[in-house]
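Enquirer: Please take these sequences and the hints and turn them into a complete structure.
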Amino acid sequence: MSDERSGRDDGEWSSRSVGEIDPEHPDCAAVVAEVWMLLDGECTPENRDRLKRHLDECPACLRHYGVEERVKRLIAKKCSGEKAPDRLRQRLQIEISRTTIIRNG
Numbered sequence: 001m002s003d004e005r006s007g008r009d010d011g012e013w014s015s016r017s018v019g020e021i022d023p024e025h026p027d028c029a030a031v032v033a034e035v036w037m038l039l040d041g042e043c044t045p046e047n048r049d050r051l052k053r054h055l056d057e058c059p060a061c062l063r064h065y066g067v068e069e070r071v072k073r074l075i076a077k078k079c080s081g082e083k084a085p086d087r088l089r090q091r092l093q094i095e096i097s098r099t100t101i102i103r104n105g
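Its first residue numbered 1, the sequence shown is counted upward by one per residue in UniProt numbering.
In short, the hints are calculated from the structure, not lab data.
One should not assume that every hint holds.
Pairs of lysine-lysine, DSS-like flavour, derived with a Cα cap of 27 Å [said to hold, decoys possible]: (1) Lys-83 x Lys-72; (2) Lys-52 x Lys-77; (3) Lys-72 x Lys-52.
Okay, the calculated beta carbon distance ranges per label pair [said to hold, decoys possible]: (4) Lys-78 x Arg-98: 23 to 31 Å; (5) Asp-56 x Gln-93: 37 to 45 Å; (6) Pro-26 x Ser-97: 32 to 40 Å; (7) Ala-76 x Asp-56: 38 to 46 Å.
Positions of the beta carbon are idealized from the N, C-alpha and C atoms, including for glycine.
Expert: Here you go:
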């Protein structure tokens, strides 16, 4: 099994798997599910504070957050300046609309 980066910025490698959930923090699954909203700045102030408090207290979720943050930065770095072709963007918008209609239907 390969080592994963920890959620810290000190450059140390963690030998624990990112997928491990701390049994002392039962709300880890909900926090992990909302990590992208936090990274994208799409949380309400109350939700953002709740998530950050949890990340401060839970090393397993902090590691997961750190990995997701690095993935987001890598994607932004590698894809910056590139724009999808208009036809592809239109097709994606249609598919997203269809998915939303089906789920809410």
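Enquirer: For every hint, state whether the structure bears it out.
Expert: Hints, one by one, checked against the model:
For the hint linking Lys-83 to Lys-72, the alpha-carbon distance of about 17 Å falls within 27 Å, and the restraint holds. A threshold of 27 Å between alpha carbons decides the hint, and for Lys-52 with Lys-77 the separation of about 25 Å falls inside it, so the pair holds. Proximity of Lys-72 to Lys-52 is assessed by CA-CA distance (about 18 Å); at most 27 Å being required, the pair is judged to hold. A hinted range of 23 to 31 Å holds for the C-beta pair Lys-78 and Arg-98, which are about 29 Å apart.
For the hinted restraint 37 to 45 Å between Asp-56 and Gln-93, the CB-CB distance of approximately 38 Å keeps it satisfied. In this structure the supplied range 32 to 40 Å holds for Pro-26 paired with Ser-97, their Cβ-Cβ distance being about 36 Å. For the hinted restraint 38 to 46 Å between Ala-76 and Asp-56, the CB-CB distance of approximately 25 Å leaves it violated.
Checked against the numbered hints listed earlier, the structure breaks hint 7 alone; every other hint is satisfied.
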